[in-house]
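**Q** Keeping the supplied structure of chain A fixed, place chain B upon it in accordance with the hints.
Protein chains: 2
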Amino acid sequence: MRRLLLSLFITALALTAAAEDGHQLWLRYQPVNKAKVTVTDKVSPTIAIAKRELETYYDGESVTLKLDASMPDDDGFTIDGTTITARRDAGLLYGAYELLRNQQLSADDANYTYTTHPAFSLRLLNHWDNLDGSIERGYAGESIFWKEDNAQIIPFNPLLIEEYARANASIGINGTVLNNVNASPKMLTKPYLKEVKKIADILRPYNIKVYLSINFATPMALGDTKTADPLDKSVARWWQKKAKEIYKLIPDFGGFLVKANSEGQPGPGDFGRTHADGANMLADALKPYKGIIMWRCFVYGANHKGEDRVKQAVSEFKPLDGQFRDNVILQTKNGPLDFQPREPYSPIFDQIKKTPNMVELQITQEYLGQSRHLVYLAPMWEEFFSFVEPSSLKGIAGVANIGLDRNWCGHHFSQANWYAFGRQAWDPALLSESIAKEWLIQTFTNDAQFVKTVSKMMMESREACVKYMMPLGLHHIFKFDHHYGPEPDGFIASYPLEWCPVYYHKADKNGIGFDRSSKGTDAVSQYRPEMARLYDNIETCPEDLLLWFHHVPWDHKMKDGSTLWESIQAEYNAGVLAVEAMQIVWRYKMRHFVDEQRWREVDERLQHQVENAREWRDVCLKYFGDMQK
Amino acid sequence: MRRLLLSLFITALALTAAAEDGHQLWLRYQPVNKAKVTVTDKVSPTIAIAKRELETYYDGESVTLKLDASMPDDDGFTIDGTTITARRDAGLLYGAYELLRNQQLSADDANYTYTTHPAFSLRLLNHWDNLDGSIERGYAGESIFWKEDNAQIIPFNPLLIEEYARANASIGINGTVLNNVNASPKMLTKPYLKEVKKIADILRPYNIKVYLSINFATPMALGDTKTADPLDKSVARWWQKKAKEIYKLIPDFGGFLVKANSEGQPGPGDFGRTHADGANMLADALKPYKGIIMWRCFVYGANHKGEDRVKQAVSEFKPLDGQFRDNVILQTKNGPLDFQPREPYSPIFDQIKKTPNMVELQITQEYLGQSRHLVYLAPMWEEFFSFVEPSSLKGIAGVANIGLDRNWCGHHFSQANWYAFGRQAWDPALLSESIAKEWLIQTFTNDAQFVKTVSKMMMESREACVKYMMPLGLHHIFKFDHHYGPEPDGFIASYPLEWCPVYYHKADKNGIGFDRSSKGTDAVSQYRPEMARLYDNIETCPEDLLLWFHHVPWDHKMKDGSTLWESIQAEYNAGVLAVEAMQIVWRYKMRHFVDEQRWREVDERLQHQVENAREWRDVCLKYFGDMQK
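Chains as they are written, first to last, in this note's numbering: chain A, 1 to 629; chain B, 1 to 629.
By construction, these hints were calculated from the structure, which means they are not laboratory data.
Since we're looking at a predicted model, the values are computed, not measured.
A few of these clues could be false.
As the list claims (entries may be wrong) - Below 27 Å or equal to it, Euclidean Cα-Cα: the simulated DSS-like pairs (lysine-lysine) are: (1) B:K248 - B:K186; (2) B:K209 - B:K354; (3) B:K509 - B:K629; (4) A:K437 - B:K557; (5) B:K559 - A:K452; (6) B:K557 - A:K452; (7) B:K456 - A:K452; (8) A:K226 - A:K311; (9) B:K311 - B:K42; (10) A:K456 - B:K452; (11) A:K557 - B:K209; (12) A:K557 - B:K452; (13) A:K197 - A:K209; (14) B:K354 - A:K559; (15) B:K437 - B:K456; (16) B:K559 - A:K437; (17) B:K456 - A:K456; (18) B:K244 - B:K311.
Unchecked claim - Okay, the calculated bits of chain A under chain B, using three or more residues with CB under 8 Å as the criterion: (19) 560-566; (20) 579-587; (21) 591-602.
Beta carbons are placed, not taken as given, at the ideal position from N, Cα and C, and that holds for glycine.
The following block holds chain A by itself, in its conformation from the complex:
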């Protein structure tokens, strides 16, 4: 009997421990059921959520929610003590979450008075989810939206979608693209649109609009038209009809995200038309419903095939600037290549002046250790905004790192990237370090020692990753396809050259790096003049981008007096040391601040990260070492 009791006791303990699986994200308020919430206006579904959240979790006597039509027409709000005022229902919702966040972050009953407006009107997640449930560049399980079995739709879990909505609302995200940019034509068929409607109905009260990625050739692929030529009337009509159908189901549908004529996707180029022709045809179809087209600038290997890949987007889109409808937005990755740990900003942001721009950031860590490395991305985005004025952008999109894993993101610390994306999307001037700290406090504990130590670790993590994966501007020497480990000798003759590591590092016995100066591919000329000059000159080019812009002799003198080859060795080694230091701190010093399950899961990943960092160092130094001899 005693043994049975003991065994039950142990089981109970195990369950308690196992319960801390990270699923709660940063939303760990304890119910207090205390506040009386006064709403001065009609209680819409959105306001009802704000009210319910505050009634349940706010640890104060009363809160007032008030609409004010004199405020600017955006999602902003004013907090004055315990009164939240906003122009829109959404503003009251965001204000409610802010009040709860303030409560989590500070012990005292501070009497805040301030107004805040979002920097971008469009704050979107992009899900690269396929209808079969897989996720391109997804490292946290399968899609929360989609699943098929024998070509039959398996319904999503509506409770999970509501949790997802709440988490996004708590950090101000107001839109989501539900499917992969490499889109299936099926997405726009009736059965799937019905699913989209169900999702939209769940997200709507949380002020989150749904958007869809579309396959440009959908009408043709579905057999409804003979072509997908955007100037063909039957095609345009098809899209108009489809728009009508969608908006009937989802009156506030956000619009389309389009990857066209890129990496094998169909597009207007297939019919001799321009991106503007294609985007405008779609824009016209959505215009009556206030829908927008987000047209991606991530194109290469098409019209400008053979040109330095990082130049092709500007080459393609600059001549079209001014030709787009006013409900078209160009969506461009932060860097000109492809989500490397460090890239210079994309020169699109210097060159496209007449068309609204959005930046596409990647939250999922495709080239940054995926869900196995602890890499906090907010400093990278902060770096981007130091080159590109947020006010020059209409919107911001983040490629989501969310999947069916219990903790949503695979790595517990990858949740911080989702969180930080939302916070920076609201206010890019927030310091990445402050965001790390507020996330840690809400997600783990407000212990000062823990927050200080672990925020430091987070802040150093991206630079560490840069050091062991792509020091001094080296780039794209990742293994083919999976983009995780190193493959500096990567070359497959049947592949596009732009997929091959050797194309990017160009190491030979004389030197290493990609000459994009005016003496090379002249990619520097796509930048605004002062940046072009800075990058063009090997003496002024920032050393952390040296090999991005220059082919440099191995014995080139660095600013600190060492040679290039010595510096490369120093960087790879320092990157490994930095991860080892993170691991030691987490393993031996942080255990008692964190529940057993999350501590162990992070610890195991750090062990793996150390091993992978060493692999990067050893493989690359061996390869380049042989090269430079």
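**A** This is chain B only, laid out in the frame that chain A set:
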């Protein structure tokens, strides 16, 4: 012919490179032969050296050297522009070296006016050199003073001794003990004393007095007396005669250093007499000539055998305080055990009030990686002086790290410990970091990048060594005899228990550490009350000495929330990382600041240090890890 020329050219290059062997130490002035030096007094041999050094190396028009009888009677001096004033000839010499040092350290012609006096009147090196040429705890080759072949004295190299004298004078050292404290009776025989005289003649103009370590039983060992009982008249007479003989040869002979009744050395205890009896007999013999006795307090295993080793010195000497002649000084190691990388200060300095004290520091890195690890010791000595007021001490002795190796000290960076010892012996308030920087500038280059990076490395090196050798106050878990690598399971039944690592760490399944609290051996009670209270309480005991003073459960909560066992693991690992970081910086970033030979020799030693640090970590964590399971 061309090939021959080329080959000659390469040979010449190789010779040039090889020439930088570190022999020049920090004395790298370039001859300018410019300054006119005016001496207002009689030019003694000491003043002549000052004059010559300035005439050769000072890059100014004129310097005046002036004696001033109104100044305090010590080795201090005043620099007023280019006039040096001093009470003694030695002061002018030290002032001359200071002027040259200032010249090396600052590019501009600064117009200094300041006066400086040495903190200690006795600033001595102790050489643990044996007459056969070996050096106990010497890691830089054989003795520069002694060598025998078939019991015949091989003469020393007088040029080398003069270089040694100059180096010491340049940093203010004014005395040297020429032989090992485990002394041979032969030392006091005529042939050896003649050698001592020759050395003294070379050192004298550089203001360096010679001292000798003596074997307490010398008269008996030489067969001149039947006993060495200090109260025996024949013995006292022998010493009086010996003193007369010595002072006839060396009128300014400094005195004797005595290790008695310790680790097998003879002493007054062998005849039922006290240390005071022994010291006083010798003091009386030297008194007529103003000689002094430096009597070492490093005793254990004698009268207080069985007592906690760190307590035995106070137990032995405290009752004798007040019984010593006024020309006896007690010389005590900085810590109560034996030159560990970190020890608390020795409580002798709290307990001996009526007898002058000297501190004995160890420059040679017996327990700190010897000449294979880069460990800068000045921060350790700085730490000592934060507990023991320099003004409470009459003198300072440093166990030298000098040998016949071309670079004097084995490791190029070990030169910094010799240099820093001299500088701190003059002024213990000098910051160890400033000393590191001035040493680097004089020894390598004044490049700001180099000095900043490498001084940081030096400053972190001792703490790194503590972490990988004796984290949190663990101590003496060194391999038997050679004191280099780890041997945590070290126990040899036939050895004194106080030599065995297991005696010191006392690790078992319950915990680890030596309980010296009031509940244990009560060693804490030997400290002044406020320190005794601090160390006695496990809650207030500094964590870097925790296992020195307490036996602590493995799961003890540290101040940062981790357990003891976690902290131990963190420390060992962080120590290794710190050395790896040093190695990376030196290997990949410092090469161009340093000549090839010194760079490579340091680099090779750093590689070895990394490997040894890893061995410490792995061996100790394995052993303690098995223990704590």
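**Q** All hints are to be evaluated individually against the structure, with a verdict given for each.
**A** Verification of the hints:
1. Annotation: proposed proximity of K248 of chain B to K186 of chain B holds, straight-line Cα distance about 18 Å (limit 27 Å).
2. Proposed proximity of K209 of chain B and K354 of chain B is supported: the alpha carbons are some 26 Å apart, at most 27 Å.
3. Under the criterion of a C-alpha separation no larger than 27 Å, the hint pairing K509 of chain B with K629 of chain B is consistent with the structure, at around 7 Å.
4. Our distance criterion of 27 Å between C-alpha atoms is met by K437 of chain A and K557 of chain B, whose separation comes to about 25 Å.
5. With a CA separation close to 15 Å, the supplied pair K559 of chain B and K452 of chain A stays within the 27 Å bound.
6. Between K557 of chain B and K452 of chain A the alpha-carbon distance is near 19 Å, which keeps this suggested pair within the 27 Å criterion.
7. Straight-line distance between C-alpha atoms of K456 of chain B and K452 of chain A comes to about 23 Å, which keeps the hinted pair within the 27 Å bound.
8. For the given pair, K226 of chain A sits about 34 Å from K311 of chain A by alpha-carbon distance, which is inconsistent with the 27 Å threshold.
9. For a cut-off of 27 Å, the pair hint linking K311 of chain B to K42 of chain B is broken: about 52 Å separates their Cα positions.
10. Restraint check: the Cα-Cα separation between K456 of chain A and K452 of chain B comes to about 23 Å, which is no more than 27 Å; the hinted pair holds.
11. Among the hinted pairs, K557 of chain A with K209 of chain B is inconsistent with the structure: their alpha-carbon atoms are about 50 Å apart, more than 27 Å.
12. Between K557 of chain A and K452 of chain B the alpha-carbon distance is near 19 Å, which keeps this suggested pair within the 27 Å criterion.
13. Distance check on the hinted pair: K197 of chain A and K209 of chain A sit about 11 Å apart at the alpha-carbon level, within 27 Å; holds.
14. Distance check on the hinted pair: K354 of chain B and K559 of chain A sit about 59 Å apart at the alpha-carbon level, beyond 27 Å; violated.
15. Distance check on the hinted pair: K437 of chain B and K456 of chain B sit about 9 Å apart at the alpha-carbon level, within 27 Å; holds.
16. About 21 Å separates the Cα atoms of K559 of chain B and K437 of chain A, which keeps this hinted pair within 27 Å; it holds.
17. Our distance criterion of 27 Å between C-alpha atoms is met by K456 of chain B and K456 of chain A, whose separation comes to about 20 Å.
18. With a C-alpha separation of about 38 Å, the suggested pairing of K244 of chain B with K311 of chain B is violated against the 27 Å cut-off.
19. With 5 residues bearing a CB less than 8 Å from a CB of chain B, the segment 560-566 of chain A meets the requirement of three and the coverage assertion stands.
20. For the segment 579-587 of chain A, the assignment as covered by chain B holds, since 5 residues bring a beta-carbon within under 8 Å of that chain's beta-carbons and 3 suffice.
21. Under a criterion of three residues with beta carbons nearer than 8 Å to beta carbons of chain B, the stated coverage of the segment 591-602 of chain A is upheld, 3 such residues being counted.
Violation of the numbered hints given earlier is confined to hints 8, 9, 11, 14 and 18; the remaining hints are satisfied by the structure.
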